Amino acid sequence: MSPNPEKKLEKKLVDINYLLKEAPREKHFITGAQAMAEAVKRASVDMAIAYPITPQSEVMHLVGDIYAQGHIKEYYRAEEELGTMSAIAGAARAGVRLFTATSGPGLLRGLEAIVSWPGHRVPAVLGILTRVINAPLSIQPDNIEMAYMMHCGAVMLHAENQQDTFDFTLAAFAIAEKVDVYIPVAVATEGFFVTHAKGYVEMTPEDMALNEFDPVAAPVPAMDNETPPARIQRDAPVQKSNFMSYLIHAVWQQEIWDSNRRAMKYIYEYLGGPIEVQNPESDVFLIASGCAAAQAREAWRYAQEAGLSVGLIKVRSIRPFPVDEIRETVKNAKAIIVPEHNIIGWLCKEVKAAIPNGGIVTEGPRVYGGMTLPVELIMKEIHNSLGLEYDLKL
Amino acid sequence: MSLKYITPVERFKKYLPKDYVELVDYGPFGKTQEEAGPGNMGQFKELVEEHPMCSGCWMAYYIRLIFASLPNPEDTVTLGTAGCGRLAISQAAVPFIYGNYGDQNAMASGLTRAFRLRFPDKTKDVITIAGDGGTMDIGFSMTMHSWIRGEKFTTIMLDNEVYGNTGGQSSGMSPKGAILKMAPKGKDFGKMPATELARAAGCVYTVRMSPTNIKKAAKIIRRAIFVAREVGPTFIHAYTSCNIEYSIPTHEVFADAKAQEKDRFTFEEYMTDEAKEVIERVEAEEKAARMARKAQKTEAVN
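Protein sequences, first through last, are from chains A and B. Residue 1 is where the first sequence starts when you use our numbering, and the numbers rise one by one after that. Residue 1 is where the second sequence starts when you use our numbering, and the numbers rise one by one after that.
Just chain B, same shape as in the assembly (with noise of 0.2 angstroms):
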């Protein structure tokens, strides 16, 4: 139903808000990575296109990149709370719930618990994307127990180590020594260890990164959905800086996001022996039908 659902009856075409129409058209419903994906972004109708962040916001970037890897875009429900990421990602074409401060993973619970029991034979992906402070300062009961409690959804933490949307105050993702708003002599305790934090609460999949390559960043957001849907809850922590309060000059974020690799976001990625099955045995699947589908256009051009 979801891509039917989407498709407009050809007559009401001429009806229907130009934006629509060029989405159903040319955007990544129903359609393969190579046709739209993170490889020829800027050549598809993508589900992300105005927003009102920052110049040079990576956040931005790194949503972008997120809702162009969605494996299943017309069956995906997003999940955010306060914090610059939400402006962009309630307005990507993909329904987006709003609750209230850092309940995301809570609400995920239920949605997701309720999905499973009125449609127990379909994938429905459901993602919790949201900040450092929304994540793991207010949110982090409730982030913590979604993932004690072995919900299947994906949780993506946006970290730019700072209240960027509040105006800057010291976060628990917040660099030990950073001097923010409400840390006026330097915050004085280090980083919360995200991913420690998940793995001990049951995360089968989870991974710190600096998306720095679009390539790998784009596997990774596929990886920890297609684990989520399978074998438990699964959490992504990517750098998304904050240029503003952190003062890094626009043609600088990306040295900056390459320099993070080797500082406080090194890559690490872990998955339990199940999660790793079902990696391999997708991402084979999807090895599989790039081949024949590459066959099958040599084919057709001799």
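Bound conformation, chain A alone (with noise of 0.2 angstroms):
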């Protein structure tokens, strides 16, 4: 319970810009899991709080270890998602920077906690690692669980690989504690396949970390007693039922959603944008995010083989939404192929939403229940778009 003062480490202190952009790289094979707790480990986070739940407890128990090591000041094992995530908006309030993860049916345990954040105000950096939800009781990746926070005015992530969750989790830190901005960040990414499979990630030196939090700039003051405008409570038109009350959740609402736009201009700085594109001026285009970004690469890579006109559209940002971005990429587009980790497909009705022609959008291909997304499924709807004939072989 006490925190580790005596283990403080001696780090160069940068800023994100240049962790993320010039700071030395070296290249390690690492999993998922290991690439986020890495991450965190250079975020100079003071506070994390843990609750197991597969198959995310990999990336907290890591990050149980960076905190032994001196990396983190403060860590405890909560009682459940909610009491976790409770205690973060509590914790958040004091002013420091947090981190959490969790996993399918965690994250919907801990979700009135989690969709209240951005209310509150909270920049903490959430790692969502995904899996199914909903009964039969499975374990396996499956990101339906990413529909449900897509609606709560957090920023939110979505990583193709090891070294995507590295990047992405150290510029969320960047992200949410914007002044502009100040609302948390997801990072989500395919539990397994992402999070205990081993990839490349080029890391930045374990020696070198993010600058500290700056508890007052901060566009409401931290609850501590010291930073000013003091903090005289008295509100009382808040939580009653009149006109006042109705007005203040209306406008602060519409603040929470115009600072999820605002953190566009960051994912543009620090990752390069909210989409990446490959072949823009192809007739068939294959959007997607996370792992089935992946798999589509690979069917993209076979369709250049091939001859065939095919673009890749990934998705980094799914919070905000890069609705701009897609229309302009597609606007000559003949079909788009939506492959996709769940069953309701809700990165296909985004993109649907997206563009003024949503009928050349084909449903899928969708797996869930924790099954892999062959490349061959994909490959059969580039075929289907182009009026081509192909020999599906699983």
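Keep in mind the hints are simulated off the structure, nothing from the lab. There may be inaccurate statements among the hints.
Just a few of them, taken from the derived set where beta-carbon distance is under 10 angstroms, the chain A residues facing chain B [to be verified]:
#1 Glu80
#2 Thr84
#3 Ser86
#4 Ala222
#5 Asp224
#6 Ala230
#7 Glu363
Given the structure is predicted, the values throughout are model-derived calculations rather than measurements. Positions of the beta carbon are idealized from the N, C-alpha and C atoms, including for glycine.
Assembling the complex is the task here: the two chains are given apart, and the hints tell you how they should meet.
In structure tokens, the structure reads:
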């Protein structure tokens, strides 16, 4: 329970732009869970709160280890996810940098608290290591829980692989803490497929970390009885049934969503933009995020080899959603294919809503319940779209 | 910093709300209990003034008492949840954090730890003030686990034995047999043993009381705060009747609170040896300071 000041490590503190773009990098072969924890190690996190759930647990075990090594000042295992996410909200009021992570059912259990973070102006970073929710039970990867996160105002990034997981997690702290943003940032990636699989990650030096949290640089002062302006409560109209309270809620939520939109310029600055585009002049586009983007990338490579007119859009940012960017990229497309790791096709719905001609969008292919997404399924849709025969062999 | 940050620059005073300036000039910030405490309520600018509680509400009285008893109002943060109490607490001139249903003790766990990280040499008092439903029903797990973890803050349960704010439903703290909404045939189990649970979970100071005696109630509130600073979790289970849902005529609210002292709210105070040491030390220091001020006053008169 006691903090860990005796283990204060010497680190060179740097700005996020230097850390992400200029700092020397060394190649490591690590899992996605390690990549997320290694980013946390380099983010000068003050406090992390953990609660186990497969497949997330590995991340918070590793974060626990880096706490024991002195990279984080405070860490504990909470009672369950609602307790975890509420404690994050409480700690944020004291003005500290915070991290936690969860998966599928855990996200839903903590959701009541999490969806209040934006309104409470909690600039924490939340790892979402995706997993099946709903019955029958499965612990396997399926990113349907992200659909439940999309409407609370939080920024949501979706990492394709271990490298993205490292970079997005570091960038998430900087984006969350921008004074004109100051809402939580979730970094999602697929459980097992990314968290428990190894990939190459170019990492910054271990003794170099993001500048420390500045509790004064905030649009709402920390409730620490130290940071002006003085917070003498007396908020009589709030929480009552009168027009003043309706108005306060309405304008506050408008500000949250404006903050969400303002995060976009930092997604450009730190991550190169909300989408990555390959072959912008194509007839057919694959649009995908997370692990599905990795599979779509492979299908796109096959299509190049076969000389087909196929482009790829990888969506890095789910919230804010790159409506303008996608609409502009696919304005001359004849067909769009949206491969996904969930049954409802939340990305497909977003894409359809973003463009004027939703009829060109193919729903799927989709896999769920933890299945892998064979590249052949995507190839079949590409061929269908181009009016070509395809002999599907799985 | 805390007292200073409340105090406006003299030349700005005329531009600030009157309520704020009066709080700084005539409120309890930085003052002793004799200057501005429960003993002279009504003679200083109180932290709780206007509130929307029902006429005759015993909970409103106790909340007013809590705020008048704070040893360090300029460095205190309160947390609460849904319920009648938060309607008054959110209007006190002390930072109040309202999270979600029943999560006050989880939030306070994060807050207290983060305060101790940022201000290792300062005293920041964290107090959760929630109803019986928020503390013992919907917030039960988070309440218990904050105690089990030994989190150093104070929990005050305003027990009106009913969900008053949502319209009079039976709670885990309603007495057996009480006919309330959602218990239309009468509640078929008794009150949850809150203070026993608190002790089993590791609270180092627990009190059950009907706060009819202002001086005694204030002393208990301060004890719970002093002990939480140094030793561990503390818990006050206070009777704060709901005169509406239990149909207690306004003029009988006090008599009912007195009667409860002999019924479901017999006075019970528990402290560990370590908690006792803190209480004895702090109360001896307070007494010495009081005597010194008295002597100084007498000297000044002579």
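Practice item. Find the hints from earlier in the document that the structure breaks and name them by number, from lowest to highest. Key: Hint 7 is the one this structure does not satisfy, whereas the remaining hints hold.
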